[in-house]
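Top line first, the protein sequences correspond to chains A and B.
Residue numbers for the first sequence follow the numbering used here, so the first one is 1 and each next one is one higher.
Residue numbers for the second sequence follow the numbering used here, so the first one is 1 and each next one is one higher.
Mixed in with the good hints, there may be bad ones.
Because identical chains share one entry, a pair is satisfied inside a single copy or across any pair of copies.
[Stated by the list, open to error] Using 27 Å as the maximum straight-line C-alpha spacing, the simulated DSSO-like pairs for lysine-lysine come out as follows: (1) 96 with 125; (2) 224 with 195; (3) 188 with 96; (4) 96 with 20; (5) 30 with 224.
Honestly, the hints are just simulated from the structure, not real lab data.
Protein chains: 2
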Amino acid sequence: MPDKMYDKTGSELETTIINKSLDFARDRMKSLHASHGWDHVQRVIRNAEHIAATELQADAFIVRTAAILHDIARDEQDRAGGTLCHAELGSAEAEKFLLSEGLDPDRARHIARCILSHRYRKERKPESIEAMILYDADKLDSIGAIGIGRAFLFAGEVGARLHNSEVDISRTASYSEEDTAYREFMVKLRTVKDKMLTDEGRRLAQERHDFMIDYFRRLDEEVKGEL
Amino acid sequence: MPDKMYDKTGSELETTIINKSLDFARDRMKSLHASHGWDHVQRVIRNAEHIAATELQADAFIVRTAAILHDIARDEQDRAGGTLCHAELGSAEAEKFLLSEGLDPDRARHIARCILSHRYRKERKPESIEAMILYDADKLDSIGAIGIGRAFLFAGEVGARLHNSEVDISRTASYSEEDTAYREFMVKLRTVKDKMLTDEGRRLAQERHDFMIDYFRRLDEEVKGEL
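Bound conformation, chain A alone (with noise of 0.2 Å):
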């Protein structure tokens, strides 16, 4: 029974690789600030295992994996000032360490094209299902009740303001004082919801984009005083 061999012998090696990972990706990840440390992976490996379930040809472990190694090079990419994507390096990091753990190149390089792809910058689009659903679980975190906490989060972290109703905000710039959580919704988590590639992410983001939209129209009343 070579076929159920090779399966027992798969599943053991893909325990082995998903926990080493997880220590991996955990270890790489340790020194970032929390609106995109490992509490987003944690976040985002549930998201797609949610999704994954909804789409029977996804091949679980490449979801999971992929998930788990999406961000490790986010370190590198912050202290780079963005001049350096962390989807390229984290996808090259993983294949590397994917291969030294004894995964086969195809599987290998399946996860680290989810990786690439995760980002969907310079025409990178997501191929496979499992690309998508790795795509729309990282989605999923930049909106709704968790992507306000962590638009404020980051702005925390960069020392921005609250709100500047104010500013037009075409002409601030992120990473900057004038960068506010108001900013971020209005340029680019508002647009989330219509980037989806999955049903259930669609149907998930549906929701979040709506609770979100009622929120900051809300927080701009509050700040103008109309409420």
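Starting from the structure of chain A, add chain B where the hints point.
Below, chain B without anything else, positioned relative to chain A:
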């Protein structure tokens, strides 16, 4: 017409004092983080003026000046790690400033007392209607959509986490890495509405409270993967 003369003189003096107080307070608060900085004071001034308009016996000048100056010693408290009370120091400093600007001692003392009791510590209950208005105006800025944003902004400023549903909140401390906006909500923010002192303050607080409750309930659900 000595009364009219006095009124006119009073009014000119009041305008001068308000403008000088604005310059003085803005300058004293320029190095503060956004969660407790000048933006906060501007919102408190507006809240205070709004409530004052519903309390006909309130002295608008006292309310406005107290609101402008209420947090001038906030920076000292932060730098002293909380061992110094910004209400005590700010009150004394404001009285000295107002006397130096030619305000009569009774009114300077009245404003100083509003500032002293705005934090409501050490049994220092706001006694006058103006003190009650300042207290309510300040508290309103800690709840609702603004309160949510400020709690996360503050968490980001002190390097705290987004949410930690696994930790027993009663065993965590403020200003620590285990501090979270959720802890602040559970320990403090959700009790604010029951402490309001004016009718209009109570009405606004109830609305902001309800909104805030919905937010943190949803945050908890999202973090626990229930949504």
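Now for the hints, and whether the structure bears them out:
no.	hint	in the structure
1	96 with 125	within (22 Å within a copy, 64 Å between copies)
2	224 with 195	between (31 Å within a copy, 24 Å between copies)
3	188 with 96	neither (32 Å within a copy, 48 Å between copies)
4	96 with 20	within (13 Å within a copy, 64 Å between copies)
5	30 with 224	between (39 Å within a copy, 22 Å between copies)
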